[in-house]
Amino acid sequence: MSLSTHRRGWLQAVLASAAAATLSACDRITASPRGVAVLQSAEGLTRRAQRLFVDRKALAREFTHADISSDFRPNGSIDPTDSDYLALKAKGFSDYRLVVDGLVEKPLSLSLADLRALPSRTQITRHDCVEGWSSIAKWSGARLGPLLDQAKLKPGARYIVFHCGDTLEQTLDGSGQYYESIDLIDAYHPQTILAYAMNDQPLPVPHGAPLRLRVERQLGYKQAKYIMRIEAVNDLKHLGRGAGGFWEDRGYEWYAGI
Amino acid sequence: MAKPAKVLVYRHAAVTRLTHWINVLALTLLLMSGLNIFGAHPALYWGQKSAFAHPWISVGAEQQGAKMQGVTWIGGAKFNTTGVLGYSGKPGAEEQVAFPAWATVPSARDLADARHWHFFFAWLFVINGLVYWLVGLVGGHIRKDLLPTKRDVAAKNVWHEVVTHARLKFPKGEEARHYNVLQKGAYLGVVLILLPLMVLTGLCMSPGFNAATPWLVEFFGGRQSARTIHFITAFAIVGFILLHLFMVVASGTWNNIRSMITGRYAIVPHPGDKAGAGDKA
Numbered sequence: 023m024s025l026s027t028h029r030r031g032w033l034q035a036v037l038a039s040a041a042a043a044t045l046s047a048c049d050r051i052t053a054s055p056r057g058v059a060v061l062q063s064a065e066g067l068t069r070r071a072q073r074l075f076v077d078r079k080a081l082a083r084e085f086t087h088a089d090i091s092s093d094f095r096p097n098g099s100i101d102p103t104d105s106d107y108l109a110l111k112a113k114g115f116s117d118y119r120l121v122v123d124g125l126v127e128k129p130l131s132l133s134l135a136d137l138r139a140l141p142s143r144t145q146i147t148r149h150d151c152v153e154g155w156s157s158i159a160k161w162s163g164a165r166l167g168p169l170l171d172q173a174k175l176k177p178g179a180r181y182i183v184f185h186c187g188d189t190l191e192q193t194l195d196g197s198g199q200y201y202e203s204i205d206l207i208d209a210y211h212p213q214t215i216l217a218y219a220m221n222d223q224p225l226p227v228p229h230g231a232p233l234r235l236r237v238e239r240q241l242g243y244k245q246a247k248y249i250m251r252i253e254a255v256n257d258l259k260h261l262g263r264g265a266g267g268f269w270e271d272r273g274y275e276w277y278a279g280i
Numbered sequence: 057m058a059k060p061a062k063v064l065v066y067r068h069a070a071v072t073r074l075t076h077w078i079n080v081l082a083l084t085l086l087l088m089s090g091l092n093i094f095g096a097h098p099a100l101y102w103g104q105k106s107a108f109a110h111p112w113i114s115v116g117a118e119q120q121g122a123k124m125q126g127v128t129w130i131g132g133a134k135f136n137t138t139g140v141l142g143y144s145g146k147p148g149a150e151e152q153v154a155f156p157a158w159a160t161v162p163s164a165r166d167l168a169d170a171r172h173w174h175f176f177f178a179w180l181f182v183i184n185g186l187v188y189w190l191v192g193l194v195g196g197h198i199r200k201d202l203l204p205t206k207r208d209v210a211a212k213n214v215w216h217e218v219v220t221h222a223r224l225k226f227p228k229g230e231e232a233r234h235y236n237v238l239q240k241g242a243y244l245g246v247v248l249i250l251l252p253l254m255v256l257t258g259l260c261m262s263p264g265f266n267a268a269t270p271w272l273v274e275f276f277g278g279r280q281s282a283r284t285i286h287f288i289t290a291f292a293i294v295g296f297i298l299l300h301l302f303m304v305v306a307s308g309t310w311n312n313i314r315s316m317i318t319g320r321y322a323i324v325p326h327p328g329d330k331a332g333a334g335d336k337a
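Quick note, the sequences are listed as chains L and W, same order.
Taking this note's numbering, the leading residue of the first sequence gets 23, the next gets one more, and so forth.
Taking this note's numbering, the leading residue of the second sequence gets 57, the next gets one more, and so forth.
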């Protein structure tokens, strides 16, 4: 073996072990709560930057009928097997009631007919999954802002929580139930609706029948499906595992603007 | 005959050196966490939305007889990429994954954690880039050292540089004090086009940012086009880095690395040059 190939082999070994050490260091950081906390500190910066640069009322782009996806992909729960949900579904959601409670002066219980009578909005928007894909659909629903005004938020209310009818992960403590939460800026955004129709049809089961959230400036996992109850709260700590949503409890960002 | 004495010239300012090494760290982790994120939906599209049946490129795995194989589709063409794309891992522990574990951070496919890495280092990368730009514009580094001069862009000079580079013969003496036109073009292309393109196409994947500047995502042709351009640009940067590293080795590994650490670069003056004509600050 010549000196130069010997040296090259040595250099390759050094480089390979340096790369492996770096990679395992990255994995150790990912596995340590403090490491993740440091990495997650960027999330607060991202949220503040978006709140600073994006006007509160800035609208997500709306598309035309020609842009609607023929292959809109349902994700997460697509056919819940929770017994309460199955009972509602069996009767075509005629017994469905949306409960609005928590920090409100006037708790509500609304049927689908009640919801359809509320101030509504129709929009053709793009749905961006955290995985990277996008689909476009037309959504019609009750605007969340006027609905909250009807229930009259108490002064302490800071977040709106959406309790869903689907269990996405089987757990012993019930923390596998889907839920989501948004702040009042997004709750009162003009495009934030409780959609009961998709592409001019009643909302199909894979997409969250009978009612789902559309909060258009955030990613797909914020668009809670199968909404059963809306709760106004002061903080998110007492819900689920405390991070404000099913996927947030599993490491995803609460503010899903990017 | 005695070897001509080497002269150490001051080549790289402290800000250039510091931002360079921060970029090495940030770009490495952005690339590796980005490859992990890509694994969550290993397909790319053009336009506003995903036509799931027709990505222009996609990576996956298929059963081939008794064995699995990694496949990559580009347009209509299928390539067997077992071991690299789609299906890889140590013998006996292969898995279906877009990019192999050794290329991603974290090494296991994990979208939530990969996003934490990606956005943390995205902020570092953006702040680092802004410092570089601000100091480079105010201090004159970009104008004096990177903008090609009239003499640089003369066809004869460009051709001369192409030919000498192709023969791996690099400028010596006084000429080596300054970047040549190919270096200026490559560095400017990276700091002026590729790196900003990476940030802008990244931001265009944000539904929040889209609402603030809807014209920008339209400029790129839609969110899925922005994602595609983000991916292509990342690999253009990888291409630049490979060429850059090759040139570092070909033109004097230790001299180049020292100059990016201490700022001092050794040149061998031609007999006709004024000896030690003062360090360039």
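Read the hints as simulated data drawn from the structure, not as lab findings.
Where is the CB? At the ideal position from N, CA and C, for every residue including glycine.
A few of these clues could be false.
Claimed, not checked - Computed beta-carbon distance windows for the label pairs:
| # | chain 1 | residue 1 | chain 2 | residue 2 | range |
| --- | --- | --- | --- | --- | --- |
| 1 | W | Ile-317 | L | Arg-263 | 52 to 60 Å |
| 2 | W | Ala-242 | L | Ala-53 | 17 to 25 Å |
| 3 | L | Gln-223 | W | Gly-131 | 45 to 53 Å |
| 4 | L | Gln-223 | W | Leu-238 | 58 to 66 Å |
| 5 | L | Pro-226 | W | Ile-130 | 55 to 63 Å |
| 6 | L | Ile-100 | W | Met-124 | 39 to 47 Å |
| 7 | L | Ile-100 | W | Ile-313 | 49 to 57 Å |
Indicate whether the distance between the beta carbons of Pro-226(L) and Ile-130(W) respects the range 55 to 63 Å.
-> Violated - the Cβ-Cβ distance for Pro-226(L) and Ile-130(W), about 34 Å, lies outside 55 to 63 Å.
Has the hinted range 58 to 66 Å been met by the Cβ atoms of Gln-223(L) and Leu-238(W)?
-> With a Cβ separation near 60 Å, Gln-223(L) and Leu-238(W) satisfy 58 to 66 Å, so the hint holds.
For the range 52 to 60 Å, tell me whether the beta carbons of Ile-317(W) and Arg-263(L) fit it or not.
-> Because 46 Å falls outside the window, the suggested range is violated.
Please test the hint of 39 to 47 Å on the beta carbon pair from Ile-100(L) and Met-124(W).
-> Cβ of Ile-100(L) to Cβ of Met-124(W): about 26 Å, so the range 39 to 47 Å is violated.
Taking the beta carbons of Ala-242(W) and Ala-53(L), is their distance inside 17 to 25 Å?
-> violated, 39 Å
Starting from the hint 49 to 57 Å, judge whether the C-beta atoms of Ile-100(L) and Ile-313(W) obey it.
-> holds, 54 Å
Mind checking the hinted window 45 to 53 Å against the Cβ distance between Gln-223(L) and Gly-131(W)?
-> violated, 35 Å
Hint check: violations occur at hints 1, 2, 3, 5 and 6; the rest are consistent with the structure.
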